[in-house]
Amino acid sequence: MGQYLLRNLLQRLVLLVIVSFLVHALVHLAPGEPAEVDPNNPRFKPEDVAKIRAAFHLDEPLHVQYGLWIRDLASGELRSFKDGQPVLPKIWDRFLNSLPLFVCATLIVWTLSFPTGIHAAIRRGSTYDRSTTFIAYALISIPGFFLSYLAILWVVNTFGVPVIGMHTFGNEDAPRWFRGMDRLWHLVVPSLMLAVGGVAILSRYVRTQMLEVIGQDYVRTARAKGLDENTVIYSHALRNALLPFVTMFGLMLPELVSGAVIIEQIFAWPGIGRLSFDAILARDYPVVLTVTLIAAMVTLAGTFLSDILYAVVDPRIRLS
Amino acid sequence: MQAAPATPANTATLVDSPWRRVWQVLRRDRLAMGGLCVLVALTVVALLGKAATEWIVLFDPATVRLVDKFRPPLSQASALLPVRDLPPGGIYLLGTDALGRDVFARMLQGSFVSMSIGLVAVSISVVVGVVLGGIAGYYADVRLGPVTVDALIMRFTDAMLCIPVFFLILVVVALLPASIYNIMIVIGLTRWMGIARFVRAEFLSLREQDFVVAAHALGLPAPRIIFLHMMPNAVAPVLVTATIGVATAILTESALSFLGFGVQPPFATWGNILADGKNFIFDAPWLFFIPGCAIFAIVLAFNLLGEGMREAFNPKLQRR
Amino acid sequence: MRIKQLLTVTPIVLVGLLVQAYFWVPTYEDQTAGAAQRLSKFIEASIGDAKLLNPALHADASSMKIVDKVFDTLLDFDEQLQLRGRLATRWQLTEKAYLTVLPGAALARGVVDDAAGLRAVIRSGIDSGLIEMPPGLLAGIEVLPARTLSIPAGDTGSVEVSVNAPARLQFDLRRVEQRFFERLRPVLGTDYAQQADYEAWHARVDEPLREPLLATLRERFPVFEHNPEIGFELRRGVRFHDGHAFDAGDVKFTYEAIMNPRNLSPRTADFEPIKTIEVLGPHRLRVVYKRLFSTAVNVWTAMGILPEHLLSDTVLAREMEERELGTAARDGFGMRDSRFNRNPVGTGPFRFVAWRSDELVHLRRNEQYWDGAPHYQDYFFRIIPDTLTREVEFRTGAADSYNPEPYQVARYRNDPRYRVYSSPSTGYTYIGYNNRRALFRDPRVRRALGMAINVDEIIRYVLHGEGERITGPYPKTTHFYPQDLAPLAYDPDAALRLLQEAGWLRNADGWLEKDGKIFEFNLITNNGNDKRRHILSIAQDAWKRIGVKCNTEVFEWAVFLEDFINPGDFDAVVLGWLLDINADQYQLWHSSQATPKKLNFVGYVNPRADALIEEIRLEYDTQKQIALTRELHRVVADDQPYTFLFAPRKNEVLDPKIVMVTADGGIEPLRADRRGELYFFFSRWRKLAHAPDF
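First to last, the protein sequences are chains A, B and C.
Throughout the first sequence, residue numbering follows our numbering, covering 1 to 320 in sequence.
Throughout the second sequence, residue numbering follows our numbering, covering 1 to 320 in sequence.
Throughout the third sequence, residue numbering follows our numbering, covering 1 to 694 in sequence.
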């Protein structure tokens, strides 16, 4: 077991190194330079741009820049081109902003998908099954921003309340309770939008898994024993179907980060997606590189975690 | 309905071929057939659109008629326009946009571009995925220095899988000049990993099977074994993934357009018509809803067809 | 069974919890729900975040909005665009003019023998009326003795050369007089300056160094030298937000911070003409300029004063120690890296409270502000990147103001719940032609291309009327703009005739052709600006109609700048300038700025324009300067290096509950100053509980 984990871990570290090479090469080989310059400012001189280039090592060869990047990242001295702030605290701050969004979206995904998926599996072929299938496909087929705008306009036109941003401005002096609820309200629409795709995919996945398991012999045996249907489905079948979901958790993380780019842009949410998008626009390489690397690290950690869980739950892995 | 896809038609002569069985199952799946019909219709529209906007120029999507800006669908062209600027029949079928361009003409032009983005991007990812997966699976044990070919390719695949796909696309597209070809290539090159993985898995298991071993023993050349003997067995899942991949590619393009990195003028795509239109949602809602619904329809059609094919190809689910 | 219940109940509880939160949120009509203080807070929605809150370093519009509120300038323009004192209470322009004494040089009558002699000659010239000297101009003449000093020869500075600089006469003038030495001409004669023999001033040097040394000497010791001076009297009793008193040292420090090459200040060019700043007392200082530069005083209207006690080298060094930075960061540590840039401290009407990136900047009023504290207690600068959601957020009352797009303005105008304020802006949008390209070298061609575009239609339909036609380089709101000049008329037929004159004839396919080549070029612009993209499409369409083939492309800003604008490698661009009120347009139109990476990237060259631009810099008489700028405007308009399209109007949409408090405590509607700046009176704004009737 220990050896298995160690090997697994080593493989992932190698992967991480490959990822860092890939990302770094990709970003630096593309054309375009850090845009520090204000488009309309006629007083910014080219000499200043040259000085900035030198200050950020942009004239060094690529491998040297890679070395500098890793060195600065490790020592925590990596700074954004855009405002000279250290990159890691900056990313951490933004991540904390995104966290409620991620948590709320994940909660929605995992709580809504199971009941819908299981019901669809039990009543395979029924109207309920077919309509949820169709709805699920409809939800993953709508461009996310299209749906978000529809939702925003509907909410604003119907209820007349603000939905953009992390909280309503100007209520800093309101009672704590008001502010808490205000924050919660501002989570509702964006996290729902972030969760839509996940709900559709996961509920489909739950359905397929349940169908597979329901056909297994032990479920038939359980039924034959005369156990009532709910016990068969929820205790016997579900428990065995759960195993593969563990892996889904790790795999859905990068999707969340990707989705956040658009959702945070629409909802003016100052999170990690906005940070990355603005960094991409400004050619702020240190931030772009680091966010990508961190996302990859999180994904790797997610899959590593699910591998461990798998190994713990499924003894066959340990033998192989 | 002569909507039969090419593959089953070609093999229909074979008695009880697996393709025929699949087709029969698929035909009973109403959602999938609906999707297929929509796709066939849209393909016809796209080809007609290409013809009408570029070869015989019945509709000119680039004609600017500022006088007629924001005309709702089915409205008459204004009498002030010179004759050569009039839309066919003097009616704007789907209204006009902020510059008075005929939305119908733009949608027609865009249908071809959007479809080709989806198809070309998926072709790229299929080719890359099949080649890399095939090599990894077929030459799994060949060593290049300290590592096997399989390990080399699969670590690269894993590395690519760790990076959030949309984020990766965004970085590359933002850095490259936003030409339509770049977008096709980038979307294609970031979506091949899934295909590579299961082609490899399929090949690994096929390698041990009798007919491949026999082909080896006969001394057949590797490409012949790969393409004539092994590949046909791996086609089904590739086809399913490709179908769903087209849907994803079209969605990705619209998301890129929303962020301002999509296909640039003069090419109209449904994605950038939608992204342009969203700002005018209060002034000219059709600019938002027409392309939005069109994208929704085509993506849904691809998804439903893909899902139908998945079910049809899956013998396990057929038994019950 | 419990699992089934759990699976059903959890989503219901979760959704219920989320949805009930709706009842706690304020609406547009009821903004004070749960937050009675809402009316004392102003929330402005902006498209982009600030970058750096330091007046010496920032270079973007969002930072400027914040910096303007936190920092004070020495001067500014009042409502009528006249200079007005802020941190400076009085300012006076004087001059010191220097005349190098050239012993042995021929005068109009006689020769120079020494400094005192020359002074006597000039004195008597003035007394006799030979030199016409307006009364009160000349305060005195002093003799500065000859000096011996060593200066580096050549660029490397490795070789020092000893130079005997001759004596000079210093004339104290009570105002700047750019024609002072011309007045002395009856005494000095016309070729006095040509008699300077710089080679006699130093020991002989070897050939490669000789020319550069002479050039250095000519530059450092001109025969005639003007040193305009501005004496500032500073306001007493002004304190920075941290309580530290403001004094003349802070002004000098601000200047030095800008000129310090380590700080990479984008304002260096503005302050380069300054020779020295002398602190004469805690509240008095003198700025000495190297040469005549009539627009020099303008820079003090745009430069917020930094606190020396928070940014001096010793303080920065201490900050560096405290932050425990690594060697790499310590190496280049400077003002750009200081915490100050995210926690600015100034003397302005608002003090800084917090900045959360991509979310908000929060300011609170400065209760001790010398000009009276603003009415609003808090100012929030909110960042909402998306155009549509910015509107949605404004409509729900979660933002008090934003800059609406023109198509939104039309809607707001018809809605009594909102009020739109519209004012002309000092910027403009243009199509710039690469004047170096053979295709565009002929002004007739450029004119014809401009005439083919129906700008009025663009203003009417693309800008929804929120723009004005312009004719040339100066902002229409300033005096520099000749109001009587008519804009280029839309006339495609005349355009075709002009092109015909220039040799372009329609071929069988309908394209214009000359020497076997059709008229074809690329028109490009930057990504992210819908108006420019629309203009791209309109121009393409308009030119197609006169047989000009134009291909359009849009590029990401960085690529656009790097690959096309900086190297000057483009045919035509759609771009815009945002100008300040300044007669000086050297950087945009002077031929010396037509090299790669400079701002005259279209390569406009016209000797007449060059002469005017230089003259404008030297002219201290406002009326004469205005005449020159109008002339320059006409010259440029005549050449059409750009097709000057329009000046967009600046729009703000606000809650009508926001009004302006008058001096006697009454209220009046909001209004903008002459240049169109609505926020000019921001300190006097307040929000009422109900919209008043005006």
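Hints listed in this document are in silico derivations from the structure and should not be mistaken for laboratory results.
Since the structure is predicted, the reported quantities are computational estimates derived from the model, not experimental observations.
Watch out, some of these pointers could steer you wrong.
No farther apart than 30 Å at their CA atoms in a straight line, the calculated lysine-lysine pairs in the DSSO-like style are these [as the list claims (entries may be wrong)]:
1. C:Lys65 with C:Lys544
2. C:Lys598 with C:Lys650
3. B:Lys50 with C:Lys549
4. C:Lys544 with B:Lys50
5. C:Lys4 with C:Lys51
6. B:Lys50 with C:Lys531
Practice task
Give me the numbers of the hints this structure contradicts, sorted from smallest to largest.
Solution key: Result: hints 1, 5 break, sorted rising.
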